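S.K.: Residues per chain, in single letters:
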Amino acid sequence: MRFRCSLLIALVFVITLQANAELTRVAKDFINQTKTFAATKVMASPTANGSYLMCLWFNQPSGSTGNLVATLKWTDEQGAHSRNLALSGSVPQSSVFPIRVLAKSAVTVQTSGTVGASYDLFVRGIGFWVPGSGSTSLSDYHTNLLLWSNATYPNKQTVLTAPAADTSYLLRVNINEPANTSNDSMCVDIVSVDEYSRKQTQTACASDDGSPAMMTFPVRVKGGTSVQLVTYHFTPPKWGGSPTYNLTVDVIGF
Amino acid sequence: MRRTFLAVILLFILPAAATASLTEVRQDFLQQTATFSATPVMAAPAADGSYLISVYLDQPVGGTVGATIAWTDENGAARQYQVLGGTGVFAVRLMAGTTLTVATSGTVEGSYNLFIDGMGFWN
Chain A
83 MRFRCSLLIA LVFVITLQAN AELTRVAKDF INQTKTFAAT KVMASPTANG SYLMCLWFNQ
143 PSGSTGNLVA TLKWTDEQGA HSRNLALSGS VPQSSVFPIR VLAKSAVTVQ TSGTVGASYD
203 LFVRGIGFWV PGSGSTSLSD YHTNLLLWSN ATYPNKQTVL TAPAADTSYL LRVNINEPAN
263 TSNDSMCVDI VSVDEYSRKQ TQTACASDDG SPAMMTFPVR VKGGTSVQLV TYHFTPPKWG
323 GSPTYNLTVD VIGF
Chain B
29 MRRTFLAVIL LFILPAAATA SLTEVRQDFL QQTATFSATP VMAAPAADGS YLISVYLDQP
89 VGGTVGATIA WTDENGAARQ YQVLGGTGVF AVRLMAGTTL TVATSGTVEG SYNLFIDGMG
149 FWN
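Protein chains in written order, with this note's numbering: chain A, 83 to 336; chain B, 29 to 151.
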């Protein structure tokens, strides 16, 4: 009897965990491209209308003089749509696009403009589907500083360390603090290293009027390096006691 | 023998647990011909939670419908953002026992679709 109960409990856990299967993954890389390319499908056409969250990450080596545009195209229930992401210089560009995709229609990406030495374009996405069996290939990481009352500066906290290969992530960051009259606004820097070994920093600052700061962005992380965070006071000195703030960092690995 | 069998079951469970902290939010409002007032899009969580919420509003040319998502954060502060046609992505902190709602306003041209998709992140 005890054995059957244990088995039943185990199976209940398995079934619950498999509920994640409705989240599916889209991944298409265009690495070391030396020419622009025409519309190319980034995923198989869905059999039913579906919702996706698509991330584009666009980068070129330091010193490369390319001036490029990547265009994501899709068709929803109302017709055709497109969004552009421009790249010039050595600052990588990224964006997140929620899209609806009509059944049997294509989602494509294409590039135009002038190529420098080379460029990389990474397309990552998540499909939202009705619950099914199986497990998702997405991984996730979380770092929360809840009810924190001190800046972490100058110490950095590690959110994740990428595996040996360069990896794409989608980050969700929220920092907030109660409204206060001390004009003390807390900020967070999310620091990582891209595939060309360049440091990337994204910053969000909570407002002392109680408004949260929210960021959602994709990053490309060099293999074996870490994504780290540091919190600090917007108004120097950066260190020391702070209003009680909440920082949540959630990451999806593709 | 039974212990071995249970151990095998647990071995299957453990890898799955690594991805157990992503949950889905999904609420479709299809072929709407009128605006609607604040409507919950998910069940209220038992603990404060982190969400990534995507709003996708799809309407014919001429429509001026906007969607407003609203929630209460962990500090008890009411938050709201409006998407005026098109899309938006929001990093939401939601207070335990409260929910995220969506409402629409504006002029409807024929009909419109509104899709709320997202993920909850759990440790």
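Just so you know, these hints were derived from the structure itself, not from any lab. Be aware that a few hints might be false.
[To be verified] Covered by chain B, according to a simulated footprint, are these stretches of chain A (three or more residues, beta-carbon under 8 Å):
hint: 1; region: 141-148
hint: 2; region: 171-181
hint: 3; region: 220-228
hint: 4; region: 269-283
[Claimed, not checked] Just some of the chain B residues that point at chain A, by a computed CB distance under 10 Å:
hint: 5; residue: L58
hint: 6; residue: Q60
hint: 7; residue: F64
hint: 8; residue: S78
hint: 9; residue: Y84
hint: 10; residue: P88
hint: 11; residue: V89
hint: 12; residue: R107
hint: 13; residue: L112
hint: 14; residue: V136
hint: 15; residue: N141
hint: 16; residue: M147
Small disclaimer: the values here were computed from a predicted structure and weren't measured. Every residue gets a Cβ at the ideal spot worked out from N, C-alpha and C, and that includes glycine.
S.K.: Next, verify each hint and record whether it holds.
M.R.: For each hint, the structure was consulted:
{"no.": "1", "hint": "141-148", "in the structure": "violated (count 0)"}
{"no.": "2", "hint": "171-181", "in the structure": "holds (count 4)"}
{"no.": "3", "hint": "220-228", "in the structure": "holds (count 6)"}
{"no.": "4", "hint": "269-283", "in the structure": "violated (count 0)"}
{"no.": "5", "hint": "L58", "in the structure": "8 Å, holds"}
{"no.": "6", "hint": "Q60", "in the structure": "12 Å, violated"}
{"no.": "7", "hint": "F64", "in the structure": "18 Å, violated"}
{"no.": "8", "hint": "S78", "in the structure": "5 Å, holds"}
{"no.": "9", "hint": "Y84", "in the structure": "5 Å, holds"}
{"no.": "10", "hint": "P88", "in the structure": "6 Å, holds"}
{"no.": "11", "hint": "V89", "in the structure": "9 Å, holds"}
{"no.": "12", "hint": "R107", "in the structure": "7 Å, holds"}
{"no.": "13", "hint": "L112", "in the structure": "15 Å, violated"}
{"no.": "14", "hint": "V136", "in the structure": "14 Å, violated"}
{"no.": "15", "hint": "N141", "in the structure": "6 Å, holds"}
{"no.": "16", "hint": "M147", "in the structure": "7 Å, holds"}
Violated hints for the displayed structure, listed by number in ascending order: 1, 4, 6, 7, 13, 14.
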